[in-house]
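> Sequence:
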Amino acid sequence: MRHSIPKLGKNEGTALLLAVGYVGAVSMLAAALLAALGHTITVAGKEEARQIAVAIAEAGIDKAVAELRAAPNTYRGEKQTQLGD
312 MRHSIPKLGK
322 NEGTALLLAV
332 GYVGAVSMLA
342 AALLAALGHT
352 ITVAGKEEAR
362 QIAVAIAEAG
372 IDKAVAELRA
382 APNTYRGEKQ
392 TQLGD
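Residue numbers (the working numbering): 312 to 396.
These aren't lab readings, by the way, just hints derived from the structure by calculation. Any given hint might turn out to be false.
[What the hints assert, rightly or not] Pair ranges (Cβ atoms, derived): (1) L344 / L379: 38 to 48 Å; (2) K357 / K390: 25 to 35 Å; (3) A377 / S338: 27 to 37 Å; (4) G324 / Q362: 48 to 58 Å; (5) A346 / G324: 24 to 34 Å; (6) A347 / Q393: 12 to 22 Å; (7) A343 / I367: 50 to 60 Å; (8) A347 / T385: 52 to 62 Å.
For glycine and all other residues, C-beta sits at the position ideal for the given N, C-alpha and C.
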């Protein structure tokens, strides 16, 4: 009993090639979307850290100004800070 391999017509396999191409294109778009999302999350995190740093710096300036106004001749800066003394 011999099994013969059927001959393929001109359009046989076209659907498979189209499906593979479609899946490849969708995969590349998904990868690009994930990369853009990762970048956006990184930028948002850096912006949040910047806003926190600015708020802390402004609070320090406000405290120093208040101390200077309260006792201008005795204020000697902040103690026990990275930049004090």
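> Next step is simple, just say for each hint if it's right about the structure.
Hint-by-hint comparison with the structure:
1. L344 / L379: 38 to 48 Å: At roughly 52 Å between Cβ atoms, L379 and L344 fall outside 38 to 48 Å, so the hint is violated.
2. K357 / K390: 25 to 35 Å: 31 Å, holds
3. A377 / S338: 27 to 37 Å: With a Cβ separation near 59 Å, A377 and S338 fall outside 27 to 37 Å, so the hint is violated.
4. G324 / Q362: 48 to 58 Å: Between G324 and Q362, where Cβ atoms are some 57 Å apart, the hint holds.
5. A346 / G324: 24 to 34 Å: Because 33 Å falls inside the window, the suggested range holds.
6. A347 / Q393: 12 to 22 Å: 37 Å, violated
7. A343 / I367: 50 to 60 Å: 37 Å, violated
8. A347 / T385: 52 to 62 Å: Since the Cβ atoms of A347 and T385 sit about 55 Å apart, the hinted range of 52 to 62 Å holds.
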